[in-house]
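Student: For reference, the chains in residue letters:
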Amino acid sequence: MGGRTLHFHLAGINNQNFIMSDEETGTWWQQVSGCAILGSLTGRCLEMIPWDEVTFETWKREHPRSLVLRPAEDAREHYAAADWEKEIAEYPTVTPVDPRDGLQPRDLVVGVTSGTVAKAYRWTTLVAQNPILDTVGDTPLLVLLDLDGRSLRCFDRRVANETLELFLRRGICPPAIVDSRTGSEWDFSGLATAGPLAGRRLARLPCLKDYWFDWKTYNPGTRVYTAGTLPVD
Amino acid sequence: MVRMKRASALILGLAVLGSLAWVATPMVLIRPFGAQTPRGLAVSYSMRSHGAPLTLSLLILGLAAAIVLRPRLASWKGRVLAGGAVTLLAACAFLSRQDYFEWMFRPLPHPGFLDADQAKDVADEDLVLGIEVGSEAHAYPVRAMAYHHVVNDVVGGEPIVATY
Chain A
14 MGGRTLHFHL
24 AGINNQNFIM
34 SDEETGTWWQ
44 QVSGCAILGS
54 LTGRCLEMIP
64 WDEVTFETWK
74 REHPRSLVLR
84 PAEDAREHYA
94 AADWEKEIAE
104 YPTVTPVDPR
114 DGLQPRDLVV
124 GVTSGTVAKA
134 YRWTTLVAQN
144 PILDTVGDTP
154 LLVLLDLDGR
164 SLRCFDRRVA
174 NETLELFLRR
184 GICPPAIVDS
194 RTGSEWDFSG
204 LATAGPLAGR
214 RLARLPCLKD
224 YWFDWKTYNP
234 GTRVYTAGTL
244 PVD
Chain B
98 MVRMKRASAL
108 ILGLAVLGSL
118 AWVATPMVLI
128 RPFGAQTPRG
138 LAVSYSMRSH
148 GAPLTLSLLI
158 LGLAAAIVLR
168 PRLASWKGRV
178 LAGGAVTLLA
188 ACAFLSRQDY
198 FEWMFRPLPH
208 PGFLDADQAK
218 DVADEDLVLG
228 IEVGSEAHAY
238 PVRAMAYHHV
248 VNDVVGGEPI
258 VATY
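Taken in order, these protein sequences are the chains called A and B.
Everything in the first sequence is counted per my numbering, starting at 14 for the first residue and increasing by one.
Everything in the second sequence is counted per my numbering, starting at 98 for the first residue and increasing by one.
Please note that the accuracy of each hint is not assured.
Stated by the list, open to error - Stretch by stretch, here's where chain B covers chain A in the computed footprint (C-beta under 8 angstroms, at least three residues):
1. 25-37
2. 77-89
3. 92-100
4. 150-160
5. 203-216
6. 229-236
Read the hints as simulated data drawn from the structure, not as lab findings.
Since we're looking at a predicted model, the values are computed, not measured.
Note that CB positions come from ideal geometry on N, CA and C, so glycine has one too.
Extracted from the complex, chain A is given alone in its bound form (with noise of 0.2 angstroms):
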């Protein structure tokens, strides 16, 4: 941030998002949007850098000499059960959500933002529909799980003034995802392996996996997708 190098640590918590301060100058920033709230730096956002949320049997495939963070000793005990997102789907919330969206505070959603238009998905039509397509603003949005269910990633998918229509083809093995106009046969980092678009690159799109009451609460004008009619494989 202006040619210093800030530290940061937790602070506090606004709403169920924590604020971080860093060292430096003891600015508050809010984490879900990387921009300083409370203090000197009020106003500045931290760049977002590309990053993903994905299983690590697919980091590993994708990045093999990736370090791992080495778990602290002191802290260790402390660290999340396998299954601790059933725990935290218990507990309460404090911002208040519309009825009328039809979600849940803590109904998993995939936020995405294109200009001043945000969209939500539920995490659920995603996993039953997976891939969705749809448009935010002017952007035609790919969302795309990998086959373990899990791991999630969000694409442009123009190619070469096209718009390419996408969908799972679940007969081969292992599945692919294929366009529809070409058939050639995409992976989850979005590069064409096979077929007559081989080669090209979808370019990614930030998209962030989080509680829909959350979401909403920073994104409040968010229409939420309701599912389409499944491309027919």
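We have chain A; now place chain B onto it with these hints.
Tutor: Okay, now just chain B, sitting in the frame of chain A:
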């Protein structure tokens, strides 16, 4: 002399009340599972950022009042009370210098890393946050991040902060 005793006791009492209120108010306003407002956050921020010098001043003031008071206190109850008041002031001065959120979720000031095949605590189906900068990739297991929440790191020469 009685007036001096009363004034000292009053100063000591007010210092304790002021110090406690100053430390406790942001704790209450930004408590987990409470609803926060922008105004409440602004008040908490202001109180937290001025807390250290203020509570130290009140501790010094209270200590001075207790020193004046000490020879004028005949009963052991009064002495215990005065001692307790000074202890409370010291506790407030200490708390105002602490990031108590990091008591619950200890930070990782010097994160260590393993090769992927050495990470025995992480199952294949566990989620990780992953980033790649240049030719360097780091994975942060979600089960560890759900505890630490914040990890300051350098990846591919870029200073980053991973949050969950």
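Student: Confirm or reject each hint.
Tutor: Hint check results:
1. 25-37: It holds: at least three residues are needed, and the segment 25-37 of chain A offers 9 whose Cβ sits within less than 8 angstroms of chain B.
2. 77-89: holds (count 12)
3. 92-100: Coverage by chain B holds here, the residue count being 5 at a Cβ distance below 8 angstroms.
4. 150-160: violated (count 0)
5. 203-216: With 0 residues closer than 8 angstroms to chain B, the segment 203-216 of chain A misses the three-residue bar; violated.
6. 229-236: violated (count 0)
When each numbered hint is compared with the structure, violations occur for hints 4, 5 and 6.
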